[in-house]
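Protein chains: 2
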Amino acid sequence: MIAVKIGLCGLGTVGSGTFNVLKRNAAEINARAGADISVATVGARRDNPHCDLSGVQVTRDVFEVAADPHVDIVVELIGGTTTAKELVETAIKNGKHVVTANKALIAEFGNELAQLAEEHKVVVAYEAAVAGGIPIIRALSEGLAANKIEWLAGIINGTGNFILTEMRDKGREFEDVLQEAQALGYAEADPTFDVEGIDAAHKLVILASLAFGMPLKFDSIYTEGISKIETVDVAYAAELGYQIKHLGIARQSEVGAIELRVHPTLIPATRLIANVDGVSNAVVVKGDAVGATLYYGPGAGSEPTASAVISDIVSIAQMISLQAKAAQPLLGRAFDTLVDRSILDIEEIETAYYLRLLVDDKPGVLSQITQILSDSSISIEALIQKQPVDGQAQVPVILLTNKVFEKNMNRAITDIEALPMVSEKIIRIRVERLD
Amino acid sequence: MIAVKIGLCGLGTVGSGTFNVLKRNAAEINARAGADISVATVGARRDNPHCDLSGVQVTRDVFEVAADPHVDIVVELIGGTTTAKELVETAIKNGKHVVTANKALIAEFGNELAQLAEEHKVVVAYEAAVAGGIPIIRALSEGLAANKIEWLAGIINGTGNFILTEMRDKGREFEDVLQEAQALGYAEADPTFDVEGIDAAHKLVILASLAFGMPLKFDSIYTEGISKIETVDVAYAAELGYQIKHLGIARQSEVGAIELRVHPTLIPATRLIANVDGVSNAVVVKGDAVGATLYYGPGAGSEPTASAVISDIVSIAQMISLQAKAAQPLLGRAFDTLVDRSILDIEEIETAYYLRLLVDDKPGVLSQITQILSDSSISIEALIQKQPVDGQAQVPVILLTNKVFEKNMNRAITDIEALPMVSEKIIRIRVERLD
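Protein sequence lines, in the order shown, are assigned to chains A and B.
Per this note's numbering, residue 2 is the first one in the first sequence, and the count goes up by one each step.
Per this note's numbering, residue 2 is the first one in the second sequence, and the count goes up by one each step.
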């Protein structure tokens, strides 16, 4: 069997998992790869007590790994987009294949890395960058290769899904669950990346590029987090037969423009993805030939992410052992065949809406509101009006609307909020049927 | 771009879907493959009015396709295991790569085909043979390549799942739903393959080989259908918080022996796979590194199956365009590295049980039954005793037991059925927690 040498950069959560799983499952991994895979050198700022590095060359300088003539594949698990970018570029220029779990690096700099990798005829693989252990990159670029992808929608941030699940199951408030998530290690001390949707945006941009054959367009994505979701809305959604999930959605419109958006979304509780709870991830992909398929699993964690990293190592090792003369391109097709697509402004997107209003408990209020909606061609699919809570002069009204262009909804909401009997800002959450 | 020529054998449901999707999505498919894929020749007993064959060479003799020097990939979609086997063997011997959707062919003759393919350095790919459009073969052999697979469990027959879903949702009886399934085209005129689990057994054997790195062992699988499932048991299961699904289960025991079984199974209603309804398929795979992942989608149908067939064509075309010098082996690793594993006899398998007994409505009955169970070290996890229906002297008793070796359960059931106050054969269904 051909020997394939790994240079492992980073020995944190994912790096140590990768090192240990490679060692523990070496027999299976080598049999599947048709190659003898071993870690030749590790580059890390410090050792990790969970990893037995005896017999492995260790350096504190990751650039030594990228320069090591014995290394076939550089595995970048140091994170960030400064040193990591330089490291990956150096490795590529040195003719090394690269495996990375770095979603930010691929989402923000994947276009230039794709071209550099093609120039040097090496593979840059990143299965672990999206949805942790779920082999979704492979599914999109290979398993569904026959399809025009119509849309995809994913729960691609486990922290957010954990928080929303707890809010629903236990009626807890966002801030309260966030603190628990931080204590459990699910959320960072600065939770912005997770709860404001930036992490999900990085992942969605990558999925959309693979699905629609376009360059990565991280700057064009619309991103809205879950930090403003209130427990009462989670409960009303359930009453209406819906779940609130933080989804990344990419869709191809009839005319070829692309929707690219991350936001809280009501989805029917009967959908399989609505039943994906806790820190798990899941992605639904709708192809024109296959229909809807769903991929579910752990979206993070040491060994689940290592599983994805190693799947890329195995694929590259197979390619080496098959003596392939060229390399699969980073975005699934040659960079110069990617087609730039216009991304729809959020105002031009059409969705149904969940609205919650606090209105005076007086006759005629509802008719004025429904009149404004009707004037904007917005029809009401469901309505709940609650009894006033003792001592309060206002009552909550919950509406589900039909599909409407966001700009029309914005106008209607401005008009309704201007009514004297509407006392607070209207809560609004987009609704997707995913059928 | 390199031209890759397809010889398409069979123009039935899947063949026509493959032909049409290849044509409709040619631009996407070629970009992803990095090759110019076209159907050079079609071998079919008759034309198909859904396919425009103009410009395509057509023959009534599929062996002409396998001999055509212009053909790179022979796509076998004629079904059966006689002509199909001969066709695939001929194609391999002629140095053609093969793509097939034929689960029976792979399950029953895959071992010899694997060796023949290695000898001739060609690929035999069969993503479409298991779970239709779901890319589960790829997930197992590539996406999860880092893992020791602990177990997998799948709803891999859509007809059976449709029948069980209707029985649950509408309280209909098996025979009644089966007739509807036949009218809808979900079930064959002779439904044996679907409802008695043979189709699922073919698929499970393939998944187990890939998961555990062993030769295909179709003769060793335990198979039990759903034709004896009664609607009342579906309802009692729901009352206990379970769903009855027809599962294919493969599991690696601690000592390395393999469980390989297809049978109706109670699973907790909270599991994601318990919510997979209708004709859909889903497979859960538990790996030691990644944990549990799930793959869901359409398990049959013209274009969903074509989607899987074409994914294999694309992979082979990529390999051709990368000028690979060797071929991926049929069972994911070189045939001589597969390890034969002993398959546990069903009597040696340990599961929990659902039991339904019809007993005389008299004092002391339950104590005698529980005594027999207790003597066999079987403890009761849940029990429902129903009131007697008017005019009947017997009452149903439903039990959920702990995990027990099947041979012990058999003995206990024989003893209980011998009691004079137990009037009918005991209904028993295995229970799996899938956690």
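Rather than coming from a laboratory, the hints here were simulated on the basis of the structure.
This one's a predicted model, so the numbers in the text were calculated from it and none came from an experiment.
Don't take every hint at face value.
Cross-link-like lysine-lysine pairs, in silico, BS3-like; alpha carbons within 25 angstroms at most [said to hold, decoys possible]:
1. K149/A to K229/A
2. K426/A to K408/A
3. K229/B to K408/B
4. K149/B to K171/B
5. K122/A to K326/A
6. K229/A to K6/A
7. K149/A to K387/A
8. K363/B to K404/B
9. K426/B to K6/A
10. K149/B to K86/B
11. K387/B to K363/B
12. K24/A to K6/A
13. K229/A to K408/A
14. K122/B to K218/B
15. K408/B to K387/B
16. K24/A to K218/B
17. K218/B to K326/A
18. K229/B to K326/A
19. K86/B to K229/B
20. K149/A to K149/B
21. K229/B to K122/A
22. K149/A to K218/B
23. K326/B to K6/B
24. K149/B to K6/A
25. K229/A to K122/A
26. K387/B to K229/B
27. K326/A to K326/B
These are the hints, each one checked on the structure:
1. K149/A to K229/A: The given pair, whose Cα atoms are some 35 angstroms apart, is violated under the 25 angstroms limit.
2. K426/A to K408/A: holds, 17 angstroms
3. K229/B to K408/B: holds, 21 angstroms
4. K149/B to K171/B: violated, 41 angstroms
5. K122/A to K326/A: Distance ~9 angstroms between K122/A and K326/A Cα, so the pair holds.
6. K229/A to K6/A: violated, 48 angstroms
7. K149/A to K387/A: violated, 45 angstroms
8. K363/B to K404/B: violated, 29 angstroms
9. K426/B to K6/A: violated, 62 angstroms
10. K149/B to K86/B: violated, 32 angstroms
11. K387/B to K363/B: Holds, at roughly 13 angstroms.
12. K24/A to K6/A: holds, 13 angstroms
13. K229/A to K408/A: This hinted pair holds, its Cα atoms lying about 21 angstroms apart.
14. K122/B to K218/B: Distance ~24 angstroms between K122/B and K218/B Cα, so the pair holds.
15. K408/B to K387/B: violated, 28 angstroms
16. K24/A to K218/B: violated, 29 angstroms
17. K218/B to K326/A: violated, 36 angstroms
18. K229/B to K326/A: violated, 56 angstroms
19. K86/B to K229/B: violated, 34 angstroms
20. K149/A to K149/B: violated, 34 angstroms
21. K229/B to K122/A: violated, 59 angstroms
22. K149/A to K218/B: violated, 37 angstroms
23. K326/B to K6/B: holds, 18 angstroms
24. K149/B to K6/A: holds, 21 angstroms
25. K229/A to K122/A: violated, 46 angstroms
26. K387/B to K229/B: Holds, at roughly 22 angstroms.
27. K326/A to K326/B: Holds: K326/A and K326/B sit about 9 angstroms apart, inside 25 angstroms.
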